[in-house]
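K.L.:
Here is what each chain is made of, one letter per residue.
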Amino acid sequence: MDLHTLTIHQLHERLDRGEVTSVEATEAVFGRIDQVEGKVGAYITLNRTEAMVQAEAADQRRAAGDGGALCGIPLGLKDIVCTKGLKTTCGSKILESFVPPYDATVVKKLKDAGAVIIGKLSMDEFAMGSSNETCAFGTPKNPWDLAHICGGSSGGSAAALAADECIAAIGSDTGGSIRQPASHCGVVGMKPTYGRVSRYGLLAYASSLDQLGPMTKDVRDCTLMLQTMSGYDPRDSTSVNCPVPDYSAALTQGVKGLKVGVPKEYFGEGLDSEVEQAVRSGIRLLEEAGAEICQVSLPHTDYGVAAYYIIAPAEASSNLARYDGVRFGYRHQEAESLLDLYCKSRSGGFGSEVKRRIMIGTYALSSGYYDAYYKKALQVRTLIVQDFLEAFKQCDVLVSPVSPFPAWRIGEKIDDPLSMYLSDVLTIPSNLAGVPCMSVPCGFSGAGLPIGLQIQAAHFAEEKILQVAAVLENELGVVGKKPSLV
Amino acid sequence: MEFETVIGLEIHAQLKTNTKIFCGCSTEFGKPPNTNTCPVCLGMPGVLPVLNRTVVEYAIRMGLATNCEINRTNQFARKNYFYPDLPKGYQISQFELPICEHGWVEITVDDTIKRIGLTRIHMEEDAGKLIHDDHEPVSYVDLNRTGTPLIEIVSEPDLRSPEEAAAYLRKLHAIVRYLDICDGNMQEGSFRCDANISLRPKGQEAFGTRTELKNMNSFRNVQKALEYEVRRQRDILLDGGKVVQQTLLWDPDTNRTNAMRSKEEAHDYRYFPDPDLVPIVISEEWINEITVSLPELPHQRKSRLIETLGLSEDDAGIITGDRELADYFETALVRYDNGKKLANWIMTELLRELKERDQEISQCQVTPDGLAELLTMVDKGTISGKIAKTVFQEMMVSGKDAGTVVKEKNLVQMSDEGDLLKMIDEIISANPDQVTEYRGGKTKLMGFFVGQLMQKTKGRANPQLANQLLAKALDNK
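Protein sequences, first through last, are from chains A and B. With the numbering used here applied, the first sequence has no gaps in its numbers, which climb one by one up to 523 at the end. With the numbering used here applied, the second sequence has no gaps in its numbers, which climb one by one up to 465 at the end.
No wet-lab data here; the hints were simulated from the structure.
Straight-line alpha carbon distances no greater than 30 Å define the calculated DSBU-like cross-link-like pairs of lysine-lysine that follow:
(1) B:K117 x A:K121
(2) B:K117 x A:K381
(3) B:K67 x A:K412
(4) B:K117 x A:K130
(5) B:K19 x B:K202
(6) A:K413 x A:K301
(7) A:K381 x B:K67
(8) A:K121 x B:K19
(9) B:K446 x B:K397
(10) B:K430 x B:K446
(11) A:K392 x A:K130
(12) B:K102 x B:K343
(13) B:K159 x B:K202
(14) A:K130 x B:K67
(15) B:K67 x A:K413
(16) A:K392 x B:K67
Bear in mind that the values here come from a model prediction, so they are computed numbers and not experimental data.
Working from the sequences, and respecting the hints, build out all of it.
P.N.:
Structure, rendered in structure tokens:
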């Protein structure tokens, strides 16, 4: 049996029945990595030795009757969360040798649950990108077609899942960075409500937008990961202290009577017809399953990208100031003065997309420009929040495409940042509003590339998203299809 | 031309919390470099700040004690700049919505009471310290102080002289000490101030060009630096020149100010609300709780001492200007109830002795009880007032109590008539010329005879009795 192809719950059942051990499953995953990683390139760092130790410990724990849903499950982590003693690069040369002295809260929770950490997954540098091409350590390929991007910024997580190089993964989403690669690689990815999952230990890109979330092979796995990752953290002032429900209960609720809103602005100009077709067939299935479909409007959707590309770079320009070559990470060796040290270390350590956003953000916050850019962007953000609040008076969830088109070819947009930025038009608003959202596979393009369907819900209504996703998964039969990599 | 001086002060007070403002590290001073640190205050990737509630409470205390409005919703902002003592590349401070605004305090200069406006008080984190090697071109970074909570208190440009600035600074120093929110140590930098100063022709409404003064680490230096800057700016203006807006560092060794390099001050801080910290919402209940718990403040204590003990305005002002001194006074008062005499002794003897030794009242060897005992001995006639001064000096040096010093040095006052008369007889027979002159009408010589007697008794003769007996003996013959 190919253990690496299993989902969390499938592997958990086998572990529970004593048919396999975590050590065997972990070895199987590393075997798969040895087999396909040369083609895919999903990982930046592998954690082989420590992972085997964790797997053995998990087996003992399970033998002692203490094996929860994630105990002994091999996971991949986006290289954006701090892992104590394990290199954390954030896809950047400036952190190529950085070994954190502490675990992110989410990492600690996963470790406490007995998960096995396989390694750190590739990503766009500091999560700035939509194709994983800005990573300083190479670009992972889309397992469905190696000439195509896997999406970004959590590209490594999505590619590793599609290629069965881990059982489940975590990603982070600032403007679509979980959902878009999940959509492009045919896996499930959820960005929870802002404040649902602790950001402590997540390397900040844009603090008011960043949120960690699960990336999994199916919807049930998503609930299992979310259950463990969620919850208030006293170390994160923006995490919200409200109870975490039993998410798995949502899986069997169905959608009868659920009001599903279809936002007209999400089906506008520039939407690929194959993507639209796949999403609309998903909506029809929901209707057949008893959901009430209604048209809604989120009139400020078009301004999301513009507001995002002020707010996110502004926060980033400040968040990335600590990478100065003084205390950790890359330091240029030939600096002649303090200023020279800053300039040379940062010029040499950051890639061009990161520098571009630092420059944009610095400009937007400069005295004399603050009101015209940053303040205005915050006002737009408020309007977008109001759009969602209005929409959720009329419906329970919003369904739409995730990306306007399937994965493009590697290199196609990398020299055209504006067109790359615009590809995030359908995912950015949920970050600006802080609402939960998910990409669930809903079909394939004619060229055989996966297409995802986006579900958004009101703050802390993750369960409604899971209800819809579970129905789509059952009815469409798309989830679980595998690329023929080998 | 006559000029008017315009001064505004920015005071930074380190708050006496046990832990730092955004993490659980200790704020203890004097630890080995970089030991009071954790990933949060080191600014490691991925960490987040969590606000220390006590910092907000202390800031509210200060706001209430200085008649400020407390903003019910206030917010932290990031002040962005690069420097090796600032690990995150930004300082978490407050900008648009500080915790306190629109306050005032009263100062007294030349018997005139004047109200000085407070623009704002905001909370922020301190930076670390750079230590420059004296011999090698190397600098070291110590981040122990990083994240120590500060409040910055910004005054209106209401101060019109260096004296007023010094009085204002002392006033705020007294308030933070009374509130027990800051240890007030200027040498260690836990209470420090920068000044903005400009001159304008008397009668003119518009402000002149200002300079900013830094690095004044004592009350005296603040006043000296401002006085220097007043002279410097006046000389420039009288010569028809223009004051350049710049930041100046006070050099206490040369007693002059030097300009900082302009590069070091050319900042655009790009303030924006810190997305890692949610806005702080302060409830009415909390403010009421803090209001009720406020201690007696310097001006209230001063009025009380004047009203209940009859102290003079000046004495009460000086004694209550320093919380420790006022506590010392009131502790001594428990055992010695003549407030005026006690105040007089403190104002003259105690403060002089402390100043000579360059000591604070907290370092004083003489306890309040010890001083009360000493003054009681004077009142009872055990020792004379003059001897008491000698005893006090000895107490300041050795830390022994008054009784012990008096016994050891055999300083008990001689009040036995027989003993004194015996010595008076000896003096009269040893100084026949002076006796004759005295009896001939040169009564000023009384002082001479008293001196002789004091010499013989080593100053222990009861002065009144000595005078009385001498007069009697000299007049009789």
